[in-house]
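Asker: Residue-level listing of the chains:
Protein chains: 2
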Amino acid sequence: MIFYKEQIIYPESFRQPSFFISPFSTADLEKNAMIVKDCSCNENTIKKYNSFFGKHEYFLSGKEAINKALSHYLLQKEDEVLILTTTANSYVSSCVTKEIEKFCTWSRQKTDKTKVVFIIHEFGKIYNDMETVKKFNLPIIEDCAMSMFSNDENNLIGTHGDFTIYSIPKFFPVQFGGILKINCENYSITHTKIYKDYLQKLVLHYFQDTEHIINQRKNNNCYMIAGLTKLGFTSYFEYSEFETPSVCMFENNGCDIVKLKVFLQQHGIECSVFYGKDAFFLPVHQALGVFEMDYILNLIEFFIHENK
Amino acid sequence: MIFYKEQIIYPESFRQPSFFISPFSTADLEKNAMIVKDCSCNENTIKKYNSFFGKHEYFLSGKEAINKALSHYLLQKEDEVLILTTTANSYVSSCVTKEIEKFCTWSRQKTDKTKVVFIIHEFGKIYNDMETVKKFNLPIIEDCAMSMFSNDENNLIGTHGDFTIYSIPKFFPVQFGGILKINCENYSITHTKIYKDYLQKLVLHYFQDTEHIINQRKNNNCYMIAGLTKLGFTSYFEYSEFETPSVCMFENNGCDIVKLKVFLQQHGIECSVFYGKDAFFLPVHQALGVFEMDYILNLIEFFIHENK
Numbered sequence: 001m002i003f004y005k006e007q008i009i010y011p012e013s014f015r016q017p018s019f020f021i022s023p024f025s026t027a028d029l030e031k032n033a034m035i036v037k038d039c040s041c042n043e044n045t046i047k048k049y050n051s052f053f054g055k056h057e058y059f060l061s062g063k064e065a066i067n068k069a070l071s072h073y074l075l076q077k078e079d080e081v082l083i084l085t086t087t088a089n090s091y092v093s094s095c096v097t098k099e100i101e102k103f104c105t106w107s108r109q110k111t112d113k114t115k116v117v118f119i120i121h122e123f124g125k126i127y128n129d130m131e132t133v134k135k136f137n138l139p140i141i142e143d144c145a146m147s148m149f150s151n152d153e154n155n156l157i158g159t160h161g162d163f164t165i166y167s168i169p170k171f172f173p174v175q176f177g178g179i180l181k182i183n184c185e186n187y188s189i190t191h192t193k194i195y196k197d198y199l200q201k202l203v204l205h206y207f208q209d210t211e212h213i214i215n216q217r218k219n220n221n222c223y224m225i226a227g228l229t230k231l232g233f234t235s236y237f238e239y240s241e242f243e244t245p246s247v248c249m250f251e252n253n254g255c256d257i258v259k260l261k262v263f264l265q266q267h268g269i270e271c272s273v274f275y276g277k278d279a280f281f282l283p284v285h286q287a288l289g290v291f292e293m294d295y296i297l298n299l300i301e302f303f304i305h306e307n308k
Numbered sequence: 001m002i003f004y005k006e007q008i009i010y011p012e013s014f015r016q017p018s019f020f021i022s023p024f025s026t027a028d029l030e031k032n033a034m035i036v037k038d039c040s041c042n043e044n045t046i047k048k049y050n051s052f053f054g055k056h057e058y059f060l061s062g063k064e065a066i067n068k069a070l071s072h073y074l075l076q077k078e079d080e081v082l083i084l085t086t087t088a089n090s091y092v093s094s095c096v097t098k099e100i101e102k103f104c105t106w107s108r109q110k111t112d113k114t115k116v117v118f119i120i121h122e123f124g125k126i127y128n129d130m131e132t133v134k135k136f137n138l139p140i141i142e143d144c145a146m147s148m149f150s151n152d153e154n155n156l157i158g159t160h161g162d163f164t165i166y167s168i169p170k171f172f173p174v175q176f177g178g179i180l181k182i183n184c185e186n187y188s189i190t191h192t193k194i195y196k197d198y199l200q201k202l203v204l205h206y207f208q209d210t211e212h213i214i215n216q217r218k219n220n221n222c223y224m225i226a227g228l229t230k231l232g233f234t235s236y237f238e239y240s241e242f243e244t245p246s247v248c249m250f251e252n253n254g255c256d257i258v259k260l261k262v263f264l265q266q267h268g269i270e271c272s273v274f275y276g277k278d279a280f281f282l283p284v285h286q287a288l289g290v291f292e293m294d295y296i297l298n299l300i301e302f303f304i305h306e307n308k
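So the protein sequences, as listed, match chains A and B. Residue numbers are given in the UniProt record's numbering: position 95 of the first sequence equals residue 95, and the series is strictly consecutive. Residue numbers are given in the UniProt record's numbering: position 183 of the second sequence equals residue 183, and the series is strictly consecutive.
Don't read these hints as lab results, they were simulated from the structure. Treat the hints with caution; some may be incorrect.
[As the list claims (entries may be wrong)] With a cut-off of at most 25 Å between alpha-carbon atoms, the simulated PhoX-like pairs for lysine-lysine come out as follows: (1) K261/B to K5/B; (2) K37/B to K68/B; (3) K37/B to K5/A; (4) K261/B to K68/B; (5) K196/B to K196/A; (6) K201/A to K31/B; (7) K77/B to K110/B; (8) K5/B to K5/A; (9) K135/A to K113/A; (10) K115/B to K135/B; (11) K196/A to K230/A; (12) K5/A to K113/B; (13) K5/A to K31/B; (14) K115/A to K68/A; (15) K98/A to K115/A; (16) K5/A to K201/B; (17) K68/A to K261/A; (18) K196/A to K218/A; (19) K110/B to K135/B; (20) K201/B to K31/A; (21) K308/A to K5/A; (22) K31/A to K196/B; (23) K196/A to K47/A; (24) K5/B to K193/A; (25) K37/B to K37/A.
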């Protein structure tokens with residue numbers, strides 16, 4: 001243990017704080033139980049919620065929602081799902097690839113075997129060439145797990161495909177849950193899930209905070225990037241006014257970011273290298289205040305200093 | 001993931017709650033920074049603090065305090081430190097044994113080589129045969145890391161030895177810190193530690209809550225034991241009115257407690273088998289409310305049900 005700028009470096013493992021990509025924290029377990037008990041929503045919120053999620057089904061996770069969407073197409077082993085992502089980086093989350101592999105294979109180029117196009121709107125940055133994709137005349141799934149509150153200027157993201165995937169914990173302080181928005185016909189929703197009411201009440205509740213969530217994340221990203229710039233890094237993304245960050249992604253400047261990942265995770269910070277790029281991401285959610293962001297920035301400063 | 005009684009079993013690893021033996025939680029980082037900034041204590045508290053801790057030195061951890069106490073005796077490799085514990089269980093925390101091994105060996109029986117007696121007041125239960133120990137006419141160290149607020153009816157625990165060890169995070173919501181109380185002469189305190197002011201302000205602040213901490217822990221232990229009794233377990237300790245539990249220790253009733261440990265730790269709960277005994281311990285600190293205790297009890301209920 002080291003005491004550095006009034007914070008502990010290398011804490012005991014059972015005294016690690018938690019800073020997740022999700023705004024979820026231990027205290028939210030009880031808060032959410034209360035919200036579910038006393039759920040009250042005004043009509044306006046219900047209207048906005050319905051207009052946003054349309055026809056939809058709840059799942060335990062975004063992964064389960066992906067699985068259900070894929071199952072719609074009766075894919076054969078030799079079929080391919082084409083994955084297109086905002087950054088076109090070679091790395092794609094295993095949350096997506098593992099689900100596809102349960103049905104068929106996946107590729108990064110369109111071939112004769114492509115049966116479905118899976119668009120990942122990454123980290124709150126939208127995939128911006130949907131027009132080309134639509135010309136393929138293939139079924140489209142849009143993955144907005146990391147981009148619930150990101151859109152284009154015409155508000156069309158989430159409407160292009162048969163299905164749109166959302167992840168509840170990525171934006172709301174909830175421990176689990178995925179939403180599958182259904183834009184196509186001949187899909188029948190399973191209404192009997194025991195967690196549906198619980199999740200719907202929470203999503204309805206937190207949906208009222210949308211504006212705050214969006215603004216706070218944008219502000220937090222600015223604050224983090226300003227601090228990281230002082231440490232020699234630069235912002236990786238430029239977000240449009242219609243996009244909301246789900247992480248703080250920064251471009252590296254010669255730092256051993258694989259080692260940085262281990263170091264920060266040892267301090268309870270969910271983060272990672274954006275493999276395939278010389279970039280790294282940190283939490284940026286709405287529950288982070290200046291104290292917590294400084295805490296993370298101080299750790300990075302310490303790491304740089306120690307590894308010079 | 002499984003949704004059971006409105007809580008998630010097997011959560012994603014970056015959506016794990018934290019229930020430590022320590023009352024420390026992530027939110028305390030900021031709270032403590034504020035307390036250190038605005039520290040104000042009344043004279044009465046300072047008086048009580050001084051009377052409780054006497055002449056003392058701050059350390060990063062209880063382990064460091066143990067090390068410093070041992071270093072006082074110029075122990076030789078062939079010397080032995082006799083470890084006596086409340087339960088006389090064969091298992092002793094490696095926090096103690098590892099520090100002793102830096103100087104000499106340790107034993108559980110008095111021999112001709114015994115140079116120091118190290119008393120561990122375990123889990124808030126005091127070692128109650130100090131009179132016999134004192135007849136050895138050997139230097140005594142009392143380890144109250146888990147027993148800061150436990151005493152005998154004459155209030156003598158912590159006064160028998162040359163040194164008494166306290167662990168700050170075990171009782172206060174602080175991430176780190178140990179206190180070495182010095183009851184002997186010819187020991188000189190190092191006053192230049194950069195974390196001393198920080199820790200002292202926090203200990204002074206939280207010391208004001210002593211009565212609440214003691215009562216809440218006693219109540220929480222009753223609540224937990226009542227819930228565990230319904231699940232077929234029994235209390236392991238009987239605490240006197242002068243003792244404050246640092247964990248909820250229960251006696252097993254045929255459950256696979258090694259597997260229970262893995263299961264509960266997967267859900268963010270610091271806990272363990274009390275190795276050497278058919279017993280198990282859980283958090284019981286003052287920051288746990290009924291919701292959190294029910295959460296832990298529900299998990300144990302689920303585990304028993306699944307492993308029948």
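Asker: If a hint holds in the structure, say so; if it doesn't, say that too.
Answerer: For each hint, the structure was consulted:
no.: 1; hint: K261/B to K5/B; in the structure: holds, 21 Å
no.: 2; hint: K37/B to K68/B; in the structure: violated, 29 Å
no.: 3; hint: K37/B to K5/A; in the structure: holds, 13 Å
no.: 4; hint: K261/B to K68/B; in the structure: violated, 33 Å
no.: 5; hint: K196/B to K196/A; in the structure: violated, 51 Å
no.: 6; hint: K201/A to K31/B; in the structure: violated, 31 Å
no.: 7; hint: K77/B to K110/B; in the structure: holds, 17 Å
no.: 8; hint: K5/B to K5/A; in the structure: violated, 43 Å
no.: 9; hint: K135/A to K113/A; in the structure: holds, 16 Å
no.: 10; hint: K115/B to K135/B; in the structure: holds, 14 Å
no.: 11; hint: K196/A to K230/A; in the structure: violated, 45 Å
no.: 12; hint: K5/A to K113/B; in the structure: violated, 45 Å
no.: 13; hint: K5/A to K31/B; in the structure: holds, 16 Å
no.: 14; hint: K115/A to K68/A; in the structure: holds, 16 Å
no.: 15; hint: K98/A to K115/A; in the structure: holds, 17 Å
no.: 16; hint: K5/A to K201/B; in the structure: holds, 16 Å
no.: 17; hint: K68/A to K261/A; in the structure: violated, 33 Å
no.: 18; hint: K196/A to K218/A; in the structure: violated, 30 Å
no.: 19; hint: K110/B to K135/B; in the structure: holds, 12 Å
no.: 20; hint: K201/B to K31/A; in the structure: violated, 31 Å
no.: 21; hint: K308/A to K5/A; in the structure: holds, 19 Å
no.: 22; hint: K31/A to K196/B; in the structure: violated, 36 Å
no.: 23; hint: K196/A to K47/A; in the structure: holds, 19 Å
no.: 24; hint: K5/B to K193/A; in the structure: holds, 13 Å
no.: 25; hint: K37/B to K37/A; in the structure: violated, 38 Å
Going down the numbered hints, you'll see the structure goes against 2, 4, 5, 6, 8, 11, 12, 17, 18, 20, 22 and 25, while the others check out.
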